[in-house]
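Engineer: Residue strings, one per chain:
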Amino acid sequence: MASLIRCPHCGARPKEEFTIRGAAVTRPQPDAGEDAWYAYVYLRDNPMGPFDEYWHHTSGCRRWLVVSRDTRTHETYGVRDAAAVAGESRS
Amino acid sequence: MTAYRLGQGGRIDRSRTLGFTFDGTALSGHPGDTLASALLANNRLLVGRSFKYHRPRGVVAAGAAEPNALVTVGSAGRREPNSRATMVELHDGLRAESQNRWPSLNWDVGALNGFLSPFLSAGFYYKTFMWPASFWEKLYEPFIRRAAGLGRASYHADPDRYEKVWAHCDLLVVGAGPTGLAAALTAGRAGAEVILADEASEPGGSLLFDSASVDGQPAGQFATQILAELATLPNVRLMTRTTVFGWFDDMVFGAAERVSRHVSQPLPGQPQERLWRIVAKRAILATGAEQRPLVFPGNDRPGVMLADAAVSYARRFGVGVGRKVAVFANSDAGARTAASLQAAGINVVALVDARVGHPAAVTVPRIFSGGVVSGTSGSRALGAITVRHAGGEDRFEADALAMAGGYSPRIHLACHRGGKPRWSDAHQAFLAPEGLAGLTLAGSAAGARTLGECLSQGAAEAAAVVADLGHTGTAAQFGAVDGDVPEGSVRALWHVPGGKAFVDFQNDVTVKDLGLAVREGFSDVELAKRYTTTGMATDQGKLSNVNAIGILAEARGVSPAEVGTTTFRPFYTPVSFGALTGSSTGHHFQPVRRSPLHGWAEKHNAVFVETGLWVRSSWFPRQGETHWRQSVDREVKTVREAAGLCDVSTLGKIEIFGADAAEFLNRVYCNAFAKLPVGKARYGLMLREDGMIYDDGTTSRLDENHFFMTTTTALAAGVMNHLEFCAQTLWPDLDVRMASSTDQWAQMAIAGPLSRAILQVIVDEDLSDENVPFLAAKTVSLFGGQLEGRLYRISFSGELAYELGVPAGFGEAVADALMEAGEPHGICAYGAEALGVLRIEKGHVTHAEINGTVTAEDLGFGRMVSQKKVDFIGKHMLEREGLVDAERPRLVGVKPLNPEQSFRTGAHILAKGAEATLENDQGYVTSSAFSPHVGSTIGLALVTRGPDRHGEEVVIWNALAGETVPGVLCDPNFVDPSNEKLHA
Amino acid sequence: MPEFALVSRPALPHSPVGDASRVRIEALPEGHVLHVLAAGGRDITPEQLASLGDGTAHAVRRYAPGQWFVVGNEALGSKEYREKAARLGADAAVSDQSHGRVRVAVSGSGARSLLAKGCAVDFSPSVFAVGATAATLYNHIGIHVTRTAEDGFELLVLRSFAQSLWEDLSVNHGEH
Ligand SMILES: [Zn+2]
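Chains as they are written, first to last, in full-length UniProt numbering: chain S, 1 to 91; chain Z, 1 to 984; chain A, 1 to 176.
Bear in mind the hints are in silico, worked out from the structure with no lab data behind them.
Because the structure is a prediction, the values reported are computed rather than measured.
Beta carbons: idealized from backbone N, C-alpha and C, even for Gly.
What you were told as hints is all true, and nothing was included just to trick you.
Restraint-style ranges between C-beta atoms, simulated for each label pair: (1) A:127 with Z:361: 51 to 61 Å; (2) A:5 with Z:964: 56 to 66 Å; (3) S:3 with Z:590: 19 to 29 Å; (4) A:167 with Z:663: 36 to 46 Å; (5) Z:265 with A:5: 47 to 57 Å; (6) Z:586 with A:54: 35 to 45 Å; (7) Z:980 with A:171: 49 to 59 Å.
Computed list of lysine-lysine pairs in DSS-like fashion (alpha-carbon distance at most 25 Å, straight line): (8) A:79 with Z:680; (9) A:84 with Z:778; (10) Z:281 with Z:420; (11) Z:52 with Z:500; (12) S:15 with Z:281; (13) Z:680 with Z:778; (14) Z:675 with Z:875; (15) Z:868 with Z:680; (16) Z:512 with Z:500; (17) Z:981 with Z:778; (18) Z:675 with Z:868; (19) A:79 with Z:778.
Sequences are here, hints too, so could you generate the full structure?
Structural biologist: Have a look at this one:
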């Protein structure tokens, strides 16, 4: 029926407004080597529990978000702008 | 059993009479009646046949839990099968039919199943339809299909409108009985936004038939008074006929409002039903408790019903369920029922209390303490009952039996998000899970046993919620409750041994079936449910589940706590497909996107085709053309020889701004973009990270920090999402910003050797090849400075061609002007089909070729892929062994050896002389069309080592169509391979 | 071709539906819609944004972080557009969406309930006051909503979806 994602820019919105891309994995450096790139493109964890995913607020602010949720309960712990998350991991 | 309308009482409007029919017989009732109460008032006791044994069945309940009285209501597109007669409000002209009987309700051939019942025990289907396997399709499946289901769906289209609506509130109160009213009043007075939803037509719940009084007022009057105060509070919304059917993630509740089901057809402008999605900060479940039937031999005979139902029929609907009513209970609810019925003027002949030593406070001719009903008799309705007690057995006449087997709190919604119910020995019932975030239960739903407790709990819970939400308010206080009879101690009585005792009425599951399930190893509650089908009918076991668990527990010698419950899932009661679909049906199934040139295309007699959400012009038939090929061939030839105009507005268009826009494009395209000069367009290829091509298009540099990208129509949205992903998550440090401008521009392709001359009529600037060379991209002035447009010299057809973009609203006027200017030159409108032929003739690819399995090298774009760039999307997977394999299928042209022969897209390529097997498959045709230029069918194909095999004879094999055509591989560029026309 | 008549074909050539006492749906003039995109990290002041508008209330509407729509009833010539676009210099890019997006007004006491038939946004005044905006969906169609009055809303919709949105609103208008 419904579930709501709390977009940090738009507030609580139904999941229909979003596009889910999957695990929020970090793109390797260009020279990271074959194994790292292979893992980035093809290998995914499938955890039972907390999970960080990229969600796009396609029908809202069109920002990419990192949604932290529990795959067992769909409880969301936090939703952050992906650019801010990328900034944090860089600094 | 002889049911009848009482001389007085009830909340029905006796001043008005409503006519209705049941199985064609004309009957009457009053406003305020349900179909069930009206049928009882007319002494129509037999209302349905059970699912498996086709046993005669009567009304058991007075509300949503009714398992037996399922009827089909209405006709044609408004026909609703499996409607619970207890929930159908009577209206004038109502047509109801019984179900699951043939030829008639009274004489039903299927009842023969009853004689076969020894063979139709639990697991019957699993055991019987096993072998021989060949019987399955021809015999078993059709048989099961005919037997399955109850009422039949209508084949007529539903004429009514349905809506889906969002609502928001501080507090959702589910159930408008005493608890819910107290909660809503408390929260409403405190100023909270409250939604109070109740599935019944009239709010009040048990107050509508309770014989107690509050502060000296009869319960019904008390309800009216509270409702009157609620109506004065603008922050309280009361929703009746609204079933809250599910509790979903993040405090969203689903509710179905039966807006117009109580009238023969919706009032003007009103929908039939409304599906609500209610976002609540908090919720209180005041859903009450379900009275349980008792499981004893013959407990399914029409006339046996729930005690509260019997009281409700008497006090709310003014119907006596019998002239000689017996009461059977395992608690003080028995005496309470007897007293209530007597107060309504109904003759109570016996009270059977399963407990010993609980003297009844009523005067009834026969009182059996420590007795049980051990049998019933009567042909189609109850005539007599047998009571077994310490002194032996007594059989006496009774035409109705009211049974009270304890209460099960209605905790369904509380369990929808994974919480498990807890067994309470004290309540002899399952209670809701503990620690539910945002949701609390109050009143009977939480195990309260008296009206006074319900009122105070409802008020207290609401006071706690509003305080938590920052409102100030106190729990509403009510006067003293008089005549409140608590249930007292309950004797666990899961079943009375003897004959056939039904646990699940709708699916005909008996005590014996459950015993069999345990003996055969299906004693786990989930297995027993599926093996016996208990709780799997349309009522989802509202009356049967807890009894079944108790019986399983007894059989296993454990506590019901150890057996546990099956999983509760939405929906609480059935919800119509109409409500779930809402307004998204027919023409409104999905949005339709119209090009700004739609009107222009219509004027030129376009045939349209749906492409995703878009409606595109496909071809433009002219007088005398009777086949689409005639139109398409003419359009293609006209473009090659003169000029044509095509609507390409549906291509994705993205404005890209920023100091780092060029660098950004350099990273998202595999070819170089950083040094694209201002005023130039370039063809670009986007890869996926796995190295395969994602999309293609042209991107123009309009200014140092401003680019204009086009994408394919199909991937316009996907590319925009992808670019935003790259900009925001991969390279947030780049200054790049994007705006979709697909809808801003009416975009038209003007193609053909005469296109320049035609365009020059409306474009103010000189369009000579020196001034606007191939791949020029510039802003131009139109019509002597009246309008600005963007002109791109790009070509999909291989001809001299331009794309002109003008602000969408002006598109039609500009296209009209171009057609007028082109008329002396023989211009024609051409559509997506001709565009497809032109690009195949030129060997240009689309998503028919870019199908997720091809690399740039496969399509002959290998040299475009930058070797210099350190990084771009897709670079790092490109060198993998499989992607550089020389044997990979690659783009090649193909045509039949004999021009008279044809082939189709999807056909496979075999080496000449090779046997037609999958092992010998060398590739396949990705696109094909009849080429007026070549004079035969031509195709593009992905064939192993294709580019090295131009001129080689092959076989074009289509096993599906049974076609084998000798062909030859060739250059995919069938027209003007030296590109002279393009650069003219 | 100087005799050319510059005629714009409206996306919604419809008369208003309903009456203002309950709920009214009206296509607004196809004037101007400017999409403002701030450069990364640049703060655009409300005054800067207001300088792009026509001075009417709610001309500037927040869309997303660093993005706004500036709307008005008057169509802008390409010269005026370029002049406005240059006004914010390198601080922001301005994309002309005057033909790409169409405005629809929904007004009246029933406006909120009409919007609730397609939008999940909570439009109660305490949450969504006059001037508040939201990019969201109406059924399956992306819209940008602005509350312009207690009982007044403006919906901005992509031109190609405008007709479908109009039909959805009209169908849901039903009871009002
Ligand atoms: Zn958002």
